[in-house]
Amino acid sequence: MIDPSLDLAEVERIVLTALAEDLGTPARDVTSEATIPATQTDTAELVARADGVVAGLLVAAEVFAVTSAGAATFAAVVAEGDRVRRGDVLAVITGPTRALLTAERTALNLLCRMSGVATHTRKWADQLEGTKATVLDTRKTTPGLRVLEKYAVRAGGGTNKRMGLYDVAMIKDNHKLAAGSITAAYELVRVTFPDVAVQVEVTTLAEAEEAVAAGAEFLLCDNMTPELLTEVVGAVGDRVELEATGNLTLATVAAYAATGVDYLSVGGLTHSSPILDIALDLRPR
Numbered sequence: 001m002i003d004p005s006l007d008l009a010e011v012e013r014i015v016l017t018a019l020a021e022d023l024g025t026p027a028r029d030v031t032s033e034a035t036i037p038a039t040q041t042d043t044a045e046l047v048a049r050a051d052g053v054v055a056g057l058l059v060a061a062e063v064f065a066v067t068s069a070g071a072a073t074f075a076a077v078v079a080e081g082d083r084v085r086r087g088d089v090l091a092v093i094t095g096p097t098r099a100l101l102t103a104e105r106t107a108l109n110l111l112c113r114m115s116g117v118a119t120h121t122r123k124w125a126d127q128l129e130g131t132k133a134t135v136l137d138t139r140k141t142t143p144g145l146r147v148l149e150k151y152a153v154r155a156g157g158g159t160n161k162r163m164g165l166y167d168v169a170m171i172k173d174n175h176k177l178a179a180g181s182i183t184a185a186y187e188l189v190r191v192t193f194p195d196v197a198v199q200v201e202v203t204t205l206a207e208a209e210e211a212v213a214a215g216a217e218f219l220l221c222d223n224m225t226p227e228l229l230t231e232v233v234g235a236v237g238d239r240v241e242l243e244a245t246g247n248l249t250l251a252t253v254a255a256y257a258a259t260g261v262d263y264l265s266v267g268g269l270t271h272s273s274p275i276l277d278i279a280l281d282l283r284p285r
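Residues 1 to 285 (the working numbering) are what the sequence shown spells out, left to right.
Derived from the structure by calculation, the hints contain no laboratory data. Take these hints with a grain of salt, some might be off.
What the hints assert, rightly or not - Restricting the straight-line Cα-Cα distance to at most 30 Å, the calculated cross-link-like pairs of lysine-lysine (DSS-like) are:
#1 K172 / K123
#2 K140 / K172
#3 K132 / K172
#4 K123 / K140
Unchecked claim - Pair by pair, the computed Cβ-Cβ distance ranges are:
#5 G70 / T142: 47 to 57 Å
#6 A184 / G70: 30 to 40 Å
#7 A75 / L16: 51 to 61 Å
Cβ atoms here follow ideal geometry from the backbone N, Cα and C, with glycine treated the same way.
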């Protein structure tokens, strides 16, 4: 099922921007226009070339809709978030052949990227199954693609932390230094934006205790060892939500989840996920 929180206006903006980059001014696909009659129609399949998790079929469908002026039909064979195997057909598209081939690279660029993020996220979610911890993303996203990449994290079984600088206040090291202390920074944010959620980054048990005393309800425990995290959970875990962050890997995920933290945030979900290889194949005529 398509996540209803996916901003369709943003999808349209991203698709139009990506197509404009590919088609130039005036917009044209010189190869397809030269080799394919305008009246020719065909059916194509989106096919997985590797095992993974699918995200972005709605986005791919929008690309084909734009290039065909709505003439193409897009039938998804799998659902968002489904695990697929190499060779699986993900969707079937029928429409003007020129439009299908003009859409091909843009649709695949977005679909492969999003499915890669979902696939990577699912690996983390699987490792955390059975624990209380959930994997979170960060703001380390590709400029212009944040809405799509964070959607892909959700499709892969993860959770979004915050969309930007506007919806959640996050007091980090530089804010502490600029304001003078964790307590001062927290109080300034709370007075200026009383209705905005506030999160505080801490690196020691003392900082965690100061943040909780100031009123914080969510702490980012940055670059802590599992041993230190266990101490923090024991000291303040009954009063705040706790997130482990910094240099986490799939090899260490179990140790961090065992500390009792609520979340593990992983920038690599969006900044380092390889694509999932997907192809567009025209059916033989």
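Assuming the hint says 30 to 40 Å, is it satisfied by the Cβ distance from A184 to G70 or not? With a Cβ separation near 56 Å, A184 and G70 fall outside 30 to 40 Å, so the hint is violated.
Hey, K123 versus K140, does the alpha-carbon distance stay inside 30 Å? 19 Å, holds
Pairwise hint evaluation, K172 against K140, where the allowed Cα distance is 30 Å at most: At roughly 15 Å apart (the allowed maximum being 30 Å), K172 and K140 satisfy the hint.
Taking only the CA atoms, is the gap from K172 to K123 under or equal to 30 Å? Holds, at about 28 Å.
Taking the CB of A75 and the CB of L16, does the distance hold inside 51 to 61 Å? 23 Å, violated
Could you say whether the range 47 to 57 Å given as a hint is met by the Cβ separation of G70 and T142? 28 Å, violated
Would you mind confirming whether the straight-line C-alpha gap from K132 to K172 stays at or under 30 Å? 25 Å, holds
Hint check: violations occur at hints 5, 6, 7; the rest are consistent with the structure.
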